[in-house]
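FYI, in the numbering used here the residues of the sequence shown are 7 to 365.
Note that these hints are calculated values from the structure, not bench results. Hints may contain errors.
[What the hints assert, rightly or not] Derived DSSO-like pairs: lysine-lysine, alpha-carbon spacing no greater than 27 Å straight-line:
no. : residue 1 : residue 2
1   : Lys256    : Lys160
2   : Lys271    : Lys160
3   : Lys256    : Lys271
4   : Lys89     : Lys160
[What the hints assert, rightly or not] Each pair of labels, with its calculated beta carbon distance range:
no. : residue 1 : residue 2 : range
5   : His161    : Thr261    : 17 to 27 Å
6   : Arg263    : Val207    : 48 to 58 Å
7   : Leu28     : Phe224    : 22 to 32 Å
8   : Leu86     : Leu283    : 51 to 61 Å
9   : Arg122    : Gly162    : 38 to 48 Å
10  : Tyr258    : Arg122    : 56 to 66 Å
11  : Gly162    : Phe224    : 30 to 40 Å
12  : Ile174    : Arg13     : 41 to 51 Å
13  : Ile11     : Asp166    : 34 to 44 Å
14  : Thr21     : Pro180    : 24 to 34 Å
Every residue, glycine too, gets a C-beta built ideally from N, C-alpha and C.
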Amino acid sequence: MTGYIIRRVLLIIPTLWAIITLNFFIVQAAPGGPVDEMISRMKGINTTATMERITGGAQGEAAKNQINRGAQGLDPEVILEIKKRFGFDKPILARYFDMLSRYVRFDFGDSLFRGRSVVGLIAERLPVSVTIGLWSTLIIYLVSIPLGINKAVKHGSRFDIWSSTAIIIGNSIPTFLFAILLIIFFAGGSYLHIFPLRGLVSNNFRDLPWYGKILDYFWHIALPILAEVIGGFATLTMLTKNCFLDEIQKQYVMTARAKGLTENKILYRHIFRNAMLLIIAGFPSAFISIFFTGSLLIEVIFSLNGLGLLGFESTIQRDYPVMFGTLYMFTLLGLVLNIISDLTYTLVDPRIDFERRLS
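Produce the entire structure from the sequences given, and follow the hints as far as they go.
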């Protein structure tokens, strides 16, 4: 198993390289860019402060006069200064290899428009996305797996029918629409104002006692987590049910019953291990989906400054360092979770030996 883990860890390097390389050249070939974005901003801005951030305080006043030319366009020297500031005065291959050399050291540079390091931005936004991703995934698994097992055991019963109906109805409502409904009814939209709408904690969070901080934290995340969880029940519940139904019909279950084992022992000692393999395999993709794709809309609707919103905003602004920095971290996280998933396979079923399969 050790050899398998080492090979998987080493495989992370070429995988990261391929993904970053492909996205780098695709983005470079796309129309627009940070230079065009900054030029567009400057044409509508008449402040010295903006140019001081780009060319330095000594040249700020001169830059202001150049901006005031308006429809005449910007001076070529100003455009050249912008390109130097953003590193676009270098050939594309030079920028590419410079990016690779920095990423090996986890140096993602600075944001082009936020005036902060990418690492600092990721560290600031990470707790929000981790909160949404972990709590949502945990609640979905804790509810869906027992529900799916119960539906499999009581297949065809009234419980199975009405629970399936409720799950289908919940799954048919888009996450963003359900989030808006929660805001309308419970966050001061039109009816009740029970829950807050912004942030993970209140402004007086530091002044609260320890139990008050816990309550305040869950008070703020209640609606975002509920909106995220509703749409995730259906797939996992039905997957769990189908996995257990498939195992229940196999020969070893009939043999166990013939030996006089109770239904609970058969279910949790024999069926559970085999049926849970497919569910465990889907955990990394489920977590990543909730962590980034799913949480993006939730972060926008509930005004939560997470990684999903950061990546979306940086894409719109053509903020390349933030774009590639968040892409790098998400890709790395996904690859690591896949390795953890394989290790969990062996914990659930020791008969699985990835080392022997690769030898």
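We went through each hint and held it up to the structure:
| no. | hint | verdict |
| --- | --- | --- |
| 1 | Lys256 to Lys160 | holds (17 Å) |
| 2 | Lys271 to Lys160 | holds (17 Å) |
| 3 | Lys256 to Lys271 | holds (16 Å) |
| 4 | Lys89 to Lys160 | violated (66 Å) |
| 5 | His161 to Thr261: 17 to 27 Å | holds (21 Å) |
| 6 | Arg263 to Val207: 48 to 58 Å | holds (53 Å) |
| 7 | Leu28 to Phe224: 22 to 32 Å | violated (41 Å) |
| 8 | Leu86 to Leu283: 51 to 61 Å | holds (59 Å) |
| 9 | Arg122 to Gly162: 38 to 48 Å | violated (58 Å) |
| 10 | Tyr258 to Arg122: 56 to 66 Å | holds (58 Å) |
| 11 | Gly162 to Phe224: 30 to 40 Å | holds (38 Å) |
| 12 | Ile174 to Arg13: 41 to 51 Å | holds (42 Å) |
| 13 | Ile11 to Asp166: 34 to 44 Å | holds (41 Å) |
| 14 | Thr21 to Pro180: 24 to 34 Å | holds (32 Å) |
In summary, the numbered hints that this structure violates are 4, 7, 9.
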